[in-house]
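One-letter residues, chain by chain:
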Amino acid sequence: MSVMTYIGAIGAAQQEAMIADERVIIIGEDVEANVYGTTGGGKQRAEKGDFVEQFGHRRIRNTPISEEAIVGAAIGAAMTGLRPIVDLSYSSFLYMAMDQLVNQAAKNRYMFGGQSSVPVVFRSAMFYGLNTGAHHSDRPYPMFMNVPGLKIIAPASASDAKGLLRQAIDSDDPVMSFEAVPLWGLKEEVDDTEYRIPFGKARIRREGSDVTVVGISGSLPLALKAAEAMAEEHGISCEVIDPRTLVPLDTATIVESVRKTGRLVLAEPAHRACGATAEIAATVAEEAQDALRAPIRRLTAPNMQIPFSPALEAQLYPTTEKIAAAIRQVAGLEKTAEERISA
Amino acid sequence: MLRKADLQNNTLLEMQRRMIRIRLFDERASKMVKRGYIPGTVHTSIGQEAQVVGACMALRKGDHITGNHRSHGHPIGMGSPLGPLMAELVGKATGVCRGKGGSLHLADYAHGSLGESGITGSSIPIAVGAGLSAQTLGEDRVAMCFFGDGAANQGVLYESMNLASAWKLPVIFLCENNHYALSTPAHTVTGGRIVDRAAGFGMPGVRVENGQDVLDVHEAVAEAAARGRRGDGPTLVEVMTYRFREHSEGLRINVDYRDTNERETWLARDPIQMHRAWLIAEGVATEAELDALADEIAQEVEDCVTFTMESPDPEPKVAFEDLYTDPYDMEAVQ
Ligand SMILES: Cc1ncc(C[n+]2csc(CCOP(=O)(O)OP(=O)(O)O)c2C)c(N)n1
Ligand SMILES: [Mg+2]
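If you're matching them up, the sequences are chains A and B in order.
Here the UniProt record's numbering is used: position 160 in the first sequence is 160, and no number is missing along the way.
Here the UniProt record's numbering is used: position 79 in the second sequence is 79, and no number is missing along the way.
For reference, chain A alone in the conformation it holds in the complex:
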């Protein structure tokens, strides 16, 4: 075991996979100089691009700023013997490659009747909450949940990041990895040995009996903090669940928890409409409506673009306080706005 940051764990998983399998290559903008900190050798952000020294220019390549061609070439390479990792840096840049992601990566195996497999990983980082403005702040994973054929991971801790990414690289299907930049510096003890975390298995981060709280990506640590505060302040026992992978999505674990608690609060950094929490809420409503003792509460970014000013941006995302308030509300300790008005 050693202490690793979230971003260090991503680098460690890539390094592990590069050592284990010659077919793994990394392509992306500025990966050779380790600009984004995941192609160095260290456990922290590396000082120099030592993946190049270790694996050579054939296996780690700077690309032109051509997201569509990079993604397409990675798909074609995956279909013919390589296992590429594409580092797309900011998640906002995925849109440049939308056709390749949606029409090629996701559809080829299906359209061609199973003839191809597309073992490729598309990594991108969600730089939200960092005053980067509307062109660099996207959290677009829900759009891709709507595309059958892609798998999606959204780790919320260093140990999950390492195990999920390793599983993604070993997977024979296209996987999109959405990494939360606000969590980059988060540290924890991580197993140094090679391990993989199977997809579609949620992680119960905290057991509880009164309220089920689901946190996605960067909202998960906030959910944990809120749960802790609610236990201390009100004696509310929260069960905190991290789905970890959004496709496949382990709704069974969540439904089972709701059957026990009867209350559900969901938090995620993406926009509200058709988000991951909307999908989970709908599934719980379909499968466990009878167990619910309070309406489901969702905390998301509103359907609003992301403004630049620090004075404007922070209010848009779920926070520990907002999650805590929602927990109090479903637990009956706080009235809803409607109740306050009619009272």
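Be aware that one or more of the hints could be misleading.
As the list claims (entries may be wrong) - In silico contact screen, one side only, chain B against chain A (beta carbon under 10 Å); selected entries:
(1) Ala134
(2) Val156
(3) Glu302
Simulated from the structure, these hints should not be mistaken for laboratory data.
As the structure is a computational prediction, the values presented were derived from the model and not from experiment.
Glycine is no exception: its CB is placed at the ideal position from the N, C-alpha and C atoms.
Go by the hints and put chain B with the ligands onto chain A.
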């Protein structure tokens, strides 16, 4: 005519065989669209057989191609058997893609066909990726993408050409310039010549002026393939050709967007007739032998239709297979 004599007689005959296969297969597919056996539509390569076969036969076993909506010629050019292709057009269980691709999305991995694409230009970078894997793994193979003059105006082509050139990948960009993108004359939407765009990316650009001559096409592509294998990078080959039929079968466009004289001039340059005449003139085959070859292929097409019509429909559950390499959780979609 030294270069032409370089090819073995059986190769010269095989070219004719594959061109006739495309012609008769597509003629038959057209009829089957009209009679309602093939749902939707198909885009034939009739008139462009030399461009397709000359290019495909310049490749070797192990090489890869990607293609577009004008899709049947490419796998046939690579040597795919006709039965599973026709069955795919009809949507049968025995289709090469299990009935899930259809005409627009044929693929035959056993014959190097990585897949046709219904999205114009979208399969171009896939071939670049096949070139990338060849280079990275040190495998002696090249990849070729077929795309039209219309697709030549998609931005992805230029990202792909630049990437292939910067990395010196063994890729052939094969532009099928049939002078029209659906009803739009290429010259009205294209700045300059497509072939000249190669220079901007530091790669050779070759234009095959007589794209109806299978040997001319073959020569240009063979050279491009050799360049790729030598590690000298990609080539853009623009082949000037013409589609003899409408953009797609059953499509009726009320505006006569193609000049009658132009059409007649091109129809007179039938690639199959031209190669036939050449084979006879060069003493490679006799008229009788070539007639027998055509009969043989007519029977082959007949057999592929019989195979298709006798094949069962796919089981409904097949719609839920092949999305991922692991079995799909049926409950998740219900
Ligand atoms: C991205 C995209 N845009 C438009 C179309 C509709 N479309 C299909 S084929 C075609 C014309 C293509 O022309 P060209 O590339 O020259 O190929 P050709 O049909 O002449 O062989 C068009 C516009 C499409 N399939 N995909
Ligand atoms: Mg055209």
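Would the hint on Ala134 of chain B be counted as holding, given a Cβ-Cβ threshold of 10 Å to chain A? Holds, about 7 Å.
So, Val156 of chain B near chain A? Judge it on the closest CB pair being under 10 Å. Where the cut-off is 10 Å and the nearest Cβ of chain A is about 5 Å from Val156 of chain B, the hint holds.
Quick one, is the Glu302 of chain B hint okay against chain A at 10 Å, beta carbons? Because about 25 Å separates Glu302 of chain B from the closest Cβ in chain A, which is outside the 10 Å limit, the hint is violated.
Comparing the model with each earlier hint shows a violation of hint 3 alone; every other hint is respected.
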